[in-house]
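Keeping their order, the protein sequence lines are chains A and B. 19 is the number of the first residue of the first sequence in our numbering; add one for each residue after it. 17 is the number of the first residue of the second sequence in our numbering; add one for each residue after it.
Derived from the structure by calculation, the hints contain no laboratory data.
Rough simulated footprint, nothing fancy, chain A against chain B, three-plus residues with beta-carbon under 8 angstroms:
id	stretch
1	111-120
2	248-254
3	271-284
4	289-297
Think about it this way: if two alpha-carbon atoms lie no more than 30 angstroms apart in a straight line, the pair counts; the simulated DSBU-like pairs of lysine-lysine are:
id	chain 1	residue 1	chain 2	residue 2
5	A	218	B	241
6	B	116	A	218
7	B	79	A	218
8	A	62	A	84
9	A	218	B	281
10	A	176	A	218
11	B	148	B	116
Heads up, the beta-carbon is just placed ideally off N, CA and C, and yes, glycines get one too.
These are the residues of each chain, in order.
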Amino acid sequence: MSIMSYTGGTVVAMAGDECVCIASDLRIGEQMTTIATDQKKVHKVTDKVYVGLAGFQSDARTVLEKIMFRKNLYELRENRNIKPQVLSEMISNLAYQHRFGSYFTEPLVAGLDDTNKPYICCMDTIGCVSAPRDFVAVGTGQEYLLGVCENFWRENMKPDELFEATAQSILSCLERDAASGWGAVVYTITKDKVNVSTIKARMD
Amino acid sequence: MWGETFDDFENDEGEMAMAKQNLIAEPARADFTFAKLPLGIQPVDFMKTHFAETAGKSMQFRKGTTTLAFVYEPATPADKGGIIVAVDSRASSGEYISSKSVMKILDIGDRMVATMAGGAADCQFWTRIVAKYCTLYELREKTSITVSAASKYFANTLYGYRGQGLSVGSMVAGYDKKGPQIFKVDSEGDRCQLKVCSVGSGSLNAYGILDNHYKPKMTDDEARKLGLRAIMHATYRDSGSGGVCNLCHITPTEKIRLPPMDVSKLWYEFADELGRDITYNPVE
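Just chain B, with the same shape it has in the complex:
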């Protein structure tokens, strides 16, 4: 079966029709069967009992995040414009920092990414499913999927599990035939298109910087610096966020992943820039 092409059925029209049906069928909607709890036990109650804050650290899921993305147009012909996606890298369970180097920008295709906020496992698993769907779509339709379609598939999938305790807050961002686009998708089933967007425990802090300094037209350098700065300030105020800032720039032609930047280092540079004296002098 594997490795067969249409050439193998060329001679017989009946076989050809059959082969087409078998090989170009639309993939079924991902309907997973997850292990079920015994009858009478509600999944949400079960999770609360065994995985909430009252449980040990190792039983809690990884959470706490700042992620942001925005669309901008090039200010000069020398700039590329597109989308900036910036995220922190901390995973925490309560006040315990379980990882300092999580990659929260997940690839969906060559031109699309999804960000990760909320339950880390939920995000990783479901974006993998979306990525699979997008790849199959591209093979079948011989054209890349739009951000709109991918995010809608994502949102519909999450909606199917609504009320069962999934925790996902993701931004699907990318470039397609319609241009640069960002869709915010969450586990409540919500999906909305935005130009400027931030998700996670530090999102309000990030919005503070973003709303203040965002312009629809920026140079590439300006835009990248804005993303970095918003993440840096969010990690400073929000104890759920920290580590390094991972940044992805999606231009009309390519997807550029920038090297991770230590947010603490960025903060000290920022304080230097201001000339603010940050040395603490205790007084008796």
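Here chain A stands alone, though its shape is the one from the complex:
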């Protein structure tokens, strides 16, 4: 089994009208065995910017620390909140610094910039950014997610529609991906608040 699917896990993000949704499953495993069912892979960076880290979770933790370190330095130096576009560039640079021995994690950034325009992007393990305007997914369930998202995504969705689309997409993915599941958590980021909801999923 590949190291990228050793712990399992999936993260997805969707963009709407002045809002973004980012969701992850809750499983952490050691290959076929489920170790814990309370490990979210989505992390808060600022009030309106979140990062998701799929792949090998030991590396994901390390990368998260490095991301927070660089982001804190940036905010101290610049004295303003980091924009999602800037953060993704930063993570991309961080990832490419390890081009010849990369971390086994695929980062995903979702957030609102200072004009409340949604921004989502994902990258591979060595920092190749792709920032489409609709949706992104990383992790063991990526292929399943991209398929269902294609069907659920609509132009200019409002926060509640966007939440529904994201939640349904990740639940569909969990039905077919054995390495992810055991519950999911969805963050809906709007200009004045972030809504967190945990979703029940199949426990097998």
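With chain A fixed as given, assemble chain B onto it according to the hints.
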């Protein structure tokens, strides 16, 4: 030829002897001829090259399972006792769930079943061959075959293909004149009789529950619940197992197939029973 009976040869003794020889001959051992690879190519290497994890999902065989079976005696006169066979219903290729509703309890006769773990096609094909053998045996001998004999035929057949990459882990379970019996048979040629048995990627998890709660004497309800629970806990921890729990109860008089139970639903009921709070609250 078809439809002829011994009555047709009654008049001639010579013809009768010939007919007996032709019609009651022991069926030959199933010797199939499978398509051969070109000379110099080893089947196992060939399969590794083209069907292993490096190949695409559609090229991988279906695997991943939890199956269990146990024998128990009735605790009260109201119970029937016998054998409980319980299995999950997931088929996976790597981490891809290729089916959520596989029937892994295969019928061999009216009183016997075989469970399916390992390569799905291997199990389905070879249990079909065993079932055929058992039917012919019953017609010839006018008595049902014992579980021991059926499982031995199964094991011998698998042994004939040893080292050629077959993947089978099956439990042959049933009731015969000797009582309730379970034989574990695998593609390495192993065959052993057990009272409590589990096979598959989730078998260790199932054994955990089974070893803790199994008693030689149980009520029917207790026994069925134990089977369900062991499968449910195995599917919770093992990502290779899941879907629904199919359960078969073989009693001294009949074979009862119970309706499939959703393991996820069972888990939530179990958590409710414990009063455990399972709601996940993320902390920043």
